[in-house]
Amino acid sequence: MICPRCDSKNANLLIPSPVGNEWEMYICNECNFTWRSTEPENIRNPKMYDSKFKLTKEKISKMMVNPPIATSRKQALNKRGRFFQNNLWKEGG
Amino acid sequence: MNYHSLRDFLDLLEQNGQLVRITDPVMPEPDISAAAQAAINCGHYAPALLFEKVKGYVNRLVMNVHGSWANHALMLGLPMDTTIKDQFFELDKRWPGKVIKPTWLKDAPCKEIKITSNINLFEVLPLYRSNKYDGGCYLSKACVITRDPEEPDHFGKQNVGTYRIQVTGKDRLNIQPLVFHDIAIHLRKAEEQNKPLPVAIAIGNEPIITYMSSTPLEYDESEYEYAGALRGEPYQLIKAETSDLDVPSGAEVIIEGEILPRKRSIEGPYGEFTGGYSGTRFQPEIKIHAITHRANPIFENLYLSIPWTEVDYLIALNTSLSVYRQLKASMPEVAAVNAMYVHGTVEIVSTKCRMGGYGKAVAMRLLSTPHGMPYAKIIIVVDESVDPFNINQVMWALSTQVNPAKHISIIHNCPGMPLDPSSDPPGMSSKVIIDATTPVPPEPINEDAHTIELIENTDEWMQKIKKLMRK
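Each protein sequence line maps, in turn, to chains A and B.
Those letters in the first sequence? Residues -13 to 79, per our numbering, in order.
Those letters in the second sequence? Residues 3 to 473, per our numbering, in order.
Simulated from the structure, these hints should not be mistaken for lab results.
Possibly wrong hints are sitting among the right ones.
[Said to hold, decoys possible] Estimated spans, in silico, between C-beta atoms of each pair:
1. B:Asn4 <-> A:Pro2: 25 to 33 angstroms
2. A:Glu27 <-> B:Lys473: 39 to 47 angstroms
3. A:Pro2 <-> B:Glu54: 18 to 26 angstroms
4. A:Lys40 <-> B:Lys57: 26 to 34 angstroms
These numbers were taken from a predicted model, which means no experiment stands behind them.
Glycine is no exception: its CB is placed at the ideal position from the N, C-alpha and C atoms.
Same shape as in the complex, but just chain A:
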């Protein structure tokens, strides 16, 4: 199965409809896009998905990380340790 948004082949069935065999929902394991079998073809078909909303590898590589991941305390302490051990504070470093 191909993801209509990012064209990854790493997509699969997420769930059948909980009742009534009405639809199936699919998920892309690369870009988290989900879509339903009953949606219009320009949502389901990778060739017809609006190019403005398509995701390419380049677009994904430039995506913002929100919120930024905080520096762990351990890392912050190590950094500070080096700062003092190497006398960087004296050099204004």
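Please arrange chain B on chain A, whose structure you already have, making use of the hints.
Then chain B, alone, in the frame of chain A:
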């Protein structure tokens, strides 16, 4: 208050002709969003919509519960025709001078059914894509509860907030904590310690806590204590199953889980309150560990698009009042604040001017409030005699009091709202202050300009005419 749960409030809406039941089966897409947009278009008396059968799903869905001034008035226990300005000042009366401490229940209907294995969110909630290019199905109206990991016993620092949440699996979600949101502070502290952040997500609540969850309170103020003050009675809470979090006892569904530390995956886009799609970003993941719910739970959710939609009612007067109170604390001349446009992107403040330039000073104070700093972009200041909720009056002030060379100021390189499509880069913006107040000394005054005085008994006459119209 004569309601304690979403179901009580839906009964109240129905008694007042403000709830429409959709009994025919509907398709998740596009019927739900189309109907929600149509309901909003009904104006002051737009009803809530209860979808009794969504194809392929088990449970019901309700939309547009807060989505009209009539429903907003019923939430506050007021007559449905109460004006916006009167609703603002009614809220002002109840906005706590002293908060009311909550109470804890031992049991509540939200614990009727408990799911801790084989979790499948789609079996509980009729999920749907809201706008065509959304990345998936969203929870857009839930109360998200977290605690400060460094001060877990500080009740006020426990946060209840509404954030967009994409469903990215049967038991997995992605959430959007923007860096200025309280939940982002909790997450930062958890990630510094490389620990997961416990989270509870309450869906289908009585309308006051959803309203407070959308209100920009100070970091250590409790949404539950404010909700108690607005309701005039202690707010009823119950403990979550898997953490020490306090959740609203009247909820239809409680999802419990953890935000995974230092992990991000693709989320979005999502059709936002700005009327545009947000970008796609790497955002935090939630792993769901448990769901508790009432029998036959009702999923409550929002439809967002170009304003006005339901979310605009949910963030209109509470945002206005919160900013009003913060301004008033140091500038008592401020008479009212209208921060109803795109969550306060445009804000109108009415004030008496203590001295020349005071209007501009009020605007600068607004730009340093927690909400105004990122959100407010265009600030209009008018005299205290101008009703900031009456756009015709505001336009009159702009038309006649503003000399652009003197009264318009642009401030560059300020914090902005990342979802504002004009912010550049996302999260930074310039600001404009338009001072449309009448000049007072030492600002030079045009000796020939005299505003026509208001006729004293106009209000009396309005009441008389309204009565005659009803006959």
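Outcome of the hint check:
1. B:Asn4 <-> A:Pro2: 25 to 33 angstroms: Given a distance of about 42 angstroms, which is not inside 25 to 33 angstroms, the answer is violated.
2. A:Glu27 <-> B:Lys473: 39 to 47 angstroms: violated, 58 angstroms
3. A:Pro2 <-> B:Glu54: 18 to 26 angstroms: holds, 22 angstroms
4. A:Lys40 <-> B:Lys57: 26 to 34 angstroms: For Lys57 of chain B against Lys40 of chain A, whose Cβ atoms are near 29 angstroms apart, the range 26 to 34 angstroms holds.
Of the numbered hints given earlier, the model fails hints 1, 2; all others are met.
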